[in-house]
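Dock chain U against the given chain H, drawing on the hints supplied.
Single-letter residue listing:
Number of protein chains: 2
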Amino acid sequence: LEPKVKLWIEKDGQLVLGQYRVTLLRHIAETGSLAQAAQRVGWSYRRAWGKIKEIEQNLGAPLVHSTVGGRGGGHTSLTPLAERLVALFDELQSSVERDVIRNFQRSFHTDA
Amino acid sequence: LEPKVKLWIEKDGQLVLGQYRVTLLRHIAETGSLAQAAQRVGWSYRRAWGKIKEIEQNLGAPLVHSTVGGRGGGHTSLTPLAERLVALFDELQSSVERDVIRNFQRSFHTDA
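Chains as they are written, first to last, in our numbering: chain H, 31 to 142; chain U, 31 to 142.
Extracted from the complex, chain H is given alone in its bound form (with noise of 0.2 Å):
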């Protein structure tokens, strides 16, 4: 038996970012491109684009800025809120899913 754990972010009950937002926002930080995160993910442009306007609205500040032209064509990074929510995130579904597994193995084993 195994203990799983799921955890997102809301806001007025309403989702702000989750596993697979903040997917997005990590490989917008490795592309440097937003349309080539959306790929990665399986989201159109338009639907990435639309849950970064979302989350960024909900939360009152700016997660990704925009460089537009130039050799690359282009360069999207994350601002240090997107950087510090997803490093956040990460270690907190960590943190959970350890604590669930400690927790779930020492209550599973003493009472069953």
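Incorrect hints may have been included.
Identical copies look the same in the list; a pair holds intra-copy or inter-copy alike.
[Said to hold, decoys possible] With a Cα cut of at most 20 Å, we get these calculated DMTMM-like pairs of lysine to aspartate or glutamate:
| hint | residue 1 | residue 2 |
| --- | --- | --- |
| 1 | 34 | 120 |
| 2 | 34 | 129 |
| 3 | 34 | 84 |
| 4 | 81 | 32 |
| 5 | 36 | 129 |
| 6 | 41 | 129 |
| 7 | 41 | 127 |
| 8 | 36 | 127 |
| 9 | 83 | 40 |
| 10 | 36 | 121 |
| 11 | 83 | 42 |
| 12 | 34 | 127 |
| 13 | 41 | 86 |
| 14 | 41 | 84 |
| 15 | 81 | 42 |
| 16 | 34 | 121 |
These aren't lab readings, by the way, just hints derived from the structure by calculation.
Just chain U, lined up with the frame of chain H:
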């Protein structure tokens, strides 16, 4: 911002216990009736019975025992194992929620 967690228990990659199944078990304990418990969670009797049998097979142990007939028309109750599983699941869910909220608040206020 509010972190949320969902807990479930798998065996070999398959769901064994989640919030719905635990709720079904709790209603069996409360009503003494699988039919009434099924109705409370919005499942057919057949579906509820199937879920119980599936969990029992995964655990290799019985979760309910039934007495047939008599004055009240039969009675279904949880085995001690099932009672412990329900209590353990609720405890784990609560402790995971408490931990994640504490960790989130600490990290988010420190970092952002």
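Each hint, compared with the structure:
| no. | hint | result |
| --- | --- | --- |
| 1 | 34 with 120 | both (15 Å within a copy, 14 Å between copies) |
| 2 | 34 with 129 | both (11 Å within a copy, 15 Å between copies) |
| 3 | 34 with 84 | between (28 Å within a copy, 19 Å between copies) |
| 4 | 81 with 32 | between (32 Å within a copy, 18 Å between copies) |
| 5 | 36 with 129 | both (13 Å within a copy, 14 Å between copies) |
| 6 | 41 with 129 | between (24 Å within a copy, 18 Å between copies) |
| 7 | 41 with 127 | between (22 Å within a copy, 16 Å between copies) |
| 8 | 36 with 127 | both (9 Å within a copy, 11 Å between copies) |
| 9 | 83 with 40 | within (16 Å within a copy, 35 Å between copies) |
| 10 | 36 with 121 | both (13 Å within a copy, 17 Å between copies) |
| 11 | 83 with 42 | within (17 Å within a copy, 39 Å between copies) |
| 12 | 34 with 127 | both (7 Å within a copy, 13 Å between copies) |
| 13 | 41 with 86 | within (12 Å within a copy, 38 Å between copies) |
| 14 | 41 with 84 | within (12 Å within a copy, 36 Å between copies) |
| 15 | 81 with 42 | within (17 Å within a copy, 34 Å between copies) |
| 16 | 34 with 121 | both (16 Å within a copy, 14 Å between copies) |
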